[in-house]
Structures are given as C-alpha cells and as structure tokens.
Amino acid sequence: MSMTIESSRFGTLHFEDEAVIEFPLGLIGLGGTHYGLIDRNPNSGFLWLHCLDDPTLALPVVDPRLFFPSFSLQLGAEDCELVGVEDPMSAALFVTVRARPRPEEITVNLRAPIVVWEGRGHQLLNSAPNAELQAPLFAMVGEGAQPVVDAA
Amino acid sequence: MLILTRRPGERVVIGDDVLVTVMEISGQTVRLGIAAPGGVPIFREEIWLAVKEENRAAAQADAGALPEGTTSPAASDAAGEGAQRPS
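First to last, the protein sequences are chains A and B.
Basically the numbering used here = 1-based index in the first sequence + 723.
Basically the numbering used here = 1-based index in the second sequence + 6.
Derived by calculation from the structure, the hints in this document are not laboratory data.
Positions of the beta carbon are idealized from the N, C-alpha and C atoms, including for glycine.
Do not rely on the hints blindly, as some may be mistaken.
Unchecked claim - Label-pair distances were calculated between CB atoms; the ranges are: (1) A/Met726 / B/Glu16: 47 to 53 Å; (2) B/Pro14 / A/Thr735: 57 to 63 Å; (3) B/Glu16 / A/Glu741: 48 to 54 Å; (4) B/Val18 / A/Glu739: 45 to 51 Å.
Said to hold, decoys possible - Some residues of chain A that are not near chain B, with every Cβ distance over 12 Å (derived): (5) Gly768; (6) Ser793; (7) Ser795; (8) Leu796; (9) Gln797; (10) Val808; (11) Glu809; (12) Asp810; (13) Met812; (14) Ala851; (15) Pro852; (16) Asn853.
One chain only, chain B, in its complex shape (with noise of 0.2 Å):
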C-alpha cells in the first residue's frame, strides 16, 4: 500500500483522470473531495461492502427458493417486453 501525507488543499492523482483533494480535517475526521471520469463508481466502503454482500447472498439462490404466486397480476407486466417467459 502507497502511504502519503497530505494537508488539506493537496490532491492526489490516481491515474490520469481521478483526482483525490483533501478538503478538509477536523479531529478524527478527513473530508475528501474526488473527481473521476463519469462512469467511474465511488463509495464508501462500507456501503460497498454491504451492496456487495446482498448481490452475492441474492446470487446464492437456487432456481426453486422463491414463493410462488404471492402477488397480484400486475406482478406479471414487471418483467416488461424483454424477459424470457416459459413456454
């Protein structure tokens, strides 16, 4: 891992594109300002982390877990024009 020291107002460049400006310090606090390429996700990590964790507990499902049936017909237009449906 790079480690720097930094004062706020001083940046750091990450690649070409993404530029990570101290903003600010306050105790136990650091305020970042960053700027990116649009397209280029930011999180917090701990958000991060959390998402993650749904999508893989989400992917873990086998094909038969899910109830059957449990809600009203508009359930059905969810799926919109494109979705594959059993023939």
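Isolated chain A (complex conformation) (with noise of 0.2 Å):
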C-alpha cells in the first residue's frame, strides 16, 4: 500500500510504502505519525521532511554530517534503545531547518537531531557540548554564504 497526498507546498506526492518514515512519538511540539522525505533539489543538501498526516506540515532538513564534519551525536542510553541502533551515527540524520531570507542566517537544530532507523524516526536531545540550537549553516567567506566545509 502506498500514500498520495496533496500537499499545500507541493501539489500531489506519493510515497511508496517503503519510503514512510514512522514517528511513534511525533516531532517535538508538532503532530503527524508518518512522515516522508522529499528532495526537491537534488544537489542542494535541503530535504523536505513531509507530514503524511497533516498536508500543510512540512520542514525543511539536512543531514548536520554534510554541513558540520565535526558533528557528534551523543544520546542518553535509554535513547540509544528506544532508536534500536548501537551506534547512532549509523542511521540517518537530520536537523531541521529555521530557513531566513539571507543564506547567512539560516540555522539548524544540532540540539535535537532526527535520528531515522529502520524505518521509524525518533527526534533526540543530542547531549554533545556543541549541539547547539541554532546553529549557523553557512560561515560568511568574503560577500557570498558558503557551506562550512564540504562534505567529503
């Protein structure tokens, strides 16, 4: 069984079964169950994380690894069995987005990453000293917004 949505962003979507992301919790503060990943610009490092319940509820995410190579994860035990995976940097992560007009100001959440394995999503407080909540995305070289450093 597969999911079609309208999306009030995106016109119609549709996810296969597989490519449903399970969030048994939700996202902090934020309702919906299923989510599913959209990239709408490949290359660009942005993912829309889309709520499958909710048409009007998306948010925009990266992976913090390509952004900050210096990205560390630590989660509380009781986290790490929650997820169901020993090492978490194993899965698949994202921060979400607080999009701004300038590029420069555009931050992410390292304090509570999403952390998707197997299927199902869980929203974390990551306990590393330089999780912070807003992070800046891009570092200012000279008059243009460049990523940190490049993804290896």
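Starting from the two chains in their separate frames, assemble the complex, guided by the hints.
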C-alpha cells in the first residue's frame, strides 16, 4: 500500500510504503506520526520532511554531517534503546532548518536531531557539548555565503 | 493544577507507570528522579519549549525559502533511498 497526499506546498506527492517513516512519538511539539522525505532540489543538501497526516506540515532538514564535519551525537542509553541502534551515527540523521531570507542567517537545530533507523524516526536530545539549538548553517566567506566545509 | 507536598524520598505516581521521586532538596534546588516506560519522552521544560519553537519555525518555511545548489555533490546522497525526487 502506498500513500498519496495533496501537499499545500508541493501539490500531489506519492510515497511508496518503504519510503514512509513512522514517528511513534511525532516531532517535539508537532503532530503527525508518519512522514516522508522529499528531495526537491538534488545537490542542494536540503530535504523536506513532509508529514503524511497533515498536508500543510513540512520541515526543511539537512544531514548535519554534510555541513558540520565535526558533528557528533551523544544520546542517553535509554534513547539508544528507543531507537534500537547501537551506534546512532550509523543511522540516517537530520536536523531541522530554520529558513531565513539571508543564507548566512539560516540556522539548524543540532540540539534535537532526528534519528531514522529501520523506518522509524525519533527526535532526540543531543548532549554533545557543541550541539547548538541555532547553529548557523553557512559561514561567511567574503561576500557570499559558503558551506562551512564541503562534505568529503 | 494539583499541588502536593512531598519530602525527600517520597514519590508521586502518575497513571499506572510514571513514578516521580523527590531525590534531594538543597536550597532552591530540587532533584527529581523520574521512572517512566520507554518511549515516554521526558524533557526539562525550557528545552522542550525551545525545540518546539525551532520545529514550528522550521515548519513555517515556504517551498521556495531555501537557497539552491549550495553544497557539494555528496549532498545528493543525503536523501537516502526513500526520498522522492522531482521527475
């Protein structure tokens, strides 16, 4: 069984069963227990985590490892158990993006990353010391905004 | 709001499976121990509020709100196998 939704942002979206991510606890403060990832602009690094229960709910996300090579994730033992992964860095990781008009003002939430493992997603608190709630996604280089470091 | 008075070592039970224990009181600080089933999220309020605000702010973004083509080709692999791409 697959799912088709009428997204308020993107029109008709179709998700195969295996592309549906279950969020048993939803995202913190937001509803929805089923989401899908959309790649509207390949090579940009930005994805959209789209709620399948609410056609108006979608959040831009990035894999923090692409923009922050030193990104680390420290989860409590109970959270690791909840996710079901021994090494959380081996899971798919995403952080929410707070879009702003100027690229250098765009921030991401490294404090509460989304860990996706075996079709299930959880937004968890990262206790790593450098996990900022609003980490600038781009560093200023000269006149233009550039990625902090390109992913290897 | 239910208001209870408890001493160190005493507990409050919420439902059948959430136990809150007053561990220690020191000046203006109270240490609580919380036992809840796996999967029940427990947060300090200020962190929960801050993350909720970040999530809500992120969800305000329009479809065209993000810069284009800002990263290396490695970014294209970020989506994993499940991501839907424009045809």
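ask   = Can you list which hints this structure breaks, lowest number first?
value = 5
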